[in-house]
Amino acid sequence: MSIMTIFSNMVKVVSRYWGLLLEGTANTLLLSALTVAVGIVIGAILALMRLSKFHIGKFKPLNAIATIYTEVVRDTPLLVQLYFFYFLIPMMFPGVDLGKVFSVALALCLNSGAYVAEIIRAGISAVDKGQVEAARSLGLNYTQTLQKVVFPQAIKNILPALCNEFVTIVKESSLASTFFVGDLMTQYKTINGTMYLAIEPLIIVSLIYFVLGFVLSKGVAAIERRMKND
Amino acid sequence: MTNNIIEVKDLHKSFGQLQVLKGVTEHIEKGEVVSVIGPSGGGKSTFLRCLNLLEVPTSGQIFFEGVDITAKGIDINQHRQKMGMVFQHFNVFPHMTVGQNITMAPTLLGKKSQAEADEMAKELLNTVGLYEKINEFPSRLSGGQKQRLAIVRALAMEPDVMLFDEPTSALDPEMVGEVLAVIKNLVKGGMTTVIVTHEMGFAREVSDRVFFMDGGILAEKGSPEELFGNPQNPRTKEFLGKVLY
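The listed protein sequences correspond, in order, to chains A and B.
All residue numbers for the first sequence refer to our numbering, where the first residue is 1 and numbers rise by one.
All residue numbers for the second sequence refer to our numbering, where the first residue is 1 and numbers rise by one.
In short, the hints are calculated from the structure, not lab data.
Positions of the beta carbon are idealized from the N, C-alpha and C atoms, including for glycine.
All the given hints hold, so there is nothing to weed out.
Computed from the model, here is a short list of chain A residues facing chain B with C-beta under 8 Å:
| hint | residue |
| --- | --- |
| 1 | E133 |
| 2 | R136 |
| 3 | N141 |
| 4 | Q144 |
| 5 | K148 |
| 6 | V149 |
| 7 | Q153 |
Simulated pairs of lysine-lysine, BS3-like, Cα-Cα distance not exceeding 30 Å:
| hint | chain 1 | residue 1 | chain 2 | residue 2 |
| --- | --- | --- | --- | --- |
| 8 | B | K133 | A | K129 |
| 9 | A | K228 | B | K133 |
| 10 | A | K228 | A | K171 |
Bound-form chain A, shown alone:
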C-alpha cells in the first residue's frame, strides 16, 4: 500500500466523516471539561478531608476515608474502573435508565477527583510552614490562616497542575470509547467499522488528539509563566 493510497484514503475519510470527527472532538472536550470540573469539586472535598483535624482518639476517620479512596483509585486501572461503573450503576439503580454515558462519565469524574485531590494536597503542602507560623503568631486561627494565607498561595501551585490534569483527561478519556460514548475515539471505531480502514482514520484521530494536547499544554505553560511573574 503506497503512501499515495493512504493519503487519498485519509482525504476520503475526512470528506465523508468530518461531521462525525468534529462531533467526536467536541464530545471529548465536553467530557473532559465535565470530568475535571466535577473532579475539582470531589478533589477539593477529599483534600479538605485530609486536612481536617477531626479525630476520634488517635483515629482520623475523614482523613482515613479520603486516603483509602485516593489510593484505591490511583492504584487500579482506569479501564477497570470504567467497567465497574458500566455494570455497577444499572445494578444499583434497577429500572432507571441513566444511560451508559452517565456511568462512564461518573467513573471518569470519580477517578479524576482522586488525582485532583493529590494536586490540591501537594499545592497546599508546598506552601512554606513559616507562612502558617507567621499567621498563627499574629493571632489568626487555623481556618483564617488557611483562607487568608495558605489557599491564596496554594492556588498558584494548583492551577497549572489542574490544567495539566485537563490535558491528561483529554487523552485518557479515549478509554471511554470502549463503551461507545461518542468521544473522538468512538468515532474512530465507527469509521473503522464502516470503511474497513484501520490506519487512515487512526492517523486523523491521532492528529486531532495531538493538536488538542499540544495547544492545551502550550496554554498551560503560558499560564505557568504568568503565575511565576506575579
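Given the coordinates of chain A, assemble chain B onto it according to the supplied hints.
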C-alpha cells in the same frame, strides 16, 4: 511578682525521643529586654517558640499576663494577638502588598477598621523607612527590608511583648545593622522583648538580662556585664570563648 508579663514553670519539650527542653523555670518582667544566647541545639528557639505556643510544651506551665496559656480550653489566638513574633526567615506574606501584610491581621481580627489600619501601616512603615514601598510586593524587597516589614507587621497588633527568633541570622551581613537598629528603637520605647540571637555585641548592649541556654536548661543567667564579663558556668565560658574572639 505582679510585674511579670511571662512566667515559665518547669517547661519540658520533647520531639519524639529527643528532649530539647529539660525543665526551664523563669520569668520576664514588663518592660524587660532579655536576650537568649547559646549553642545551636541548646533549646533557645524551642524555648522562645513555646512562649506563644507555636511549640506545645510536653509538660510545664506558661503564664502570660497572669493567665496559664497551657491550660486546657484556653483560646490561644486571643493571647497570641498580644505576643508579636519575628522569625529568622521573615515569613512575610508574598501574595500581599507591604501595606496588606500589615493591615491584614488587625482588620481581620477586628482590632481596627480598614481606614485606621491603613493609617497605622503608613506610620509604622515610616518609622522603619519603608513608606514608599507600601504598594510593592515583598518579592521586590531586600532581606533587611523584609525583616523590617515583618517587625512592623507584628507591631501592628499592638502587642505587649515581642519575641524575636534569630532575626538577623538569615540576613546578608550588610543588612544586619538596619534590622538591629529597628529592634533597638523598639527596646528604647519600652517594649518587653525576648530575643534569641547570635549577635553578642547587640545582646550585651540592649539587654537587661541575658540567658545562656545549653542542653535544654538555662545554664546561666544574669546582667550582660555579669554574663559576658564574668561568666561562672564552664559551658558559658567555653561558648563565649568561641564566639567572642
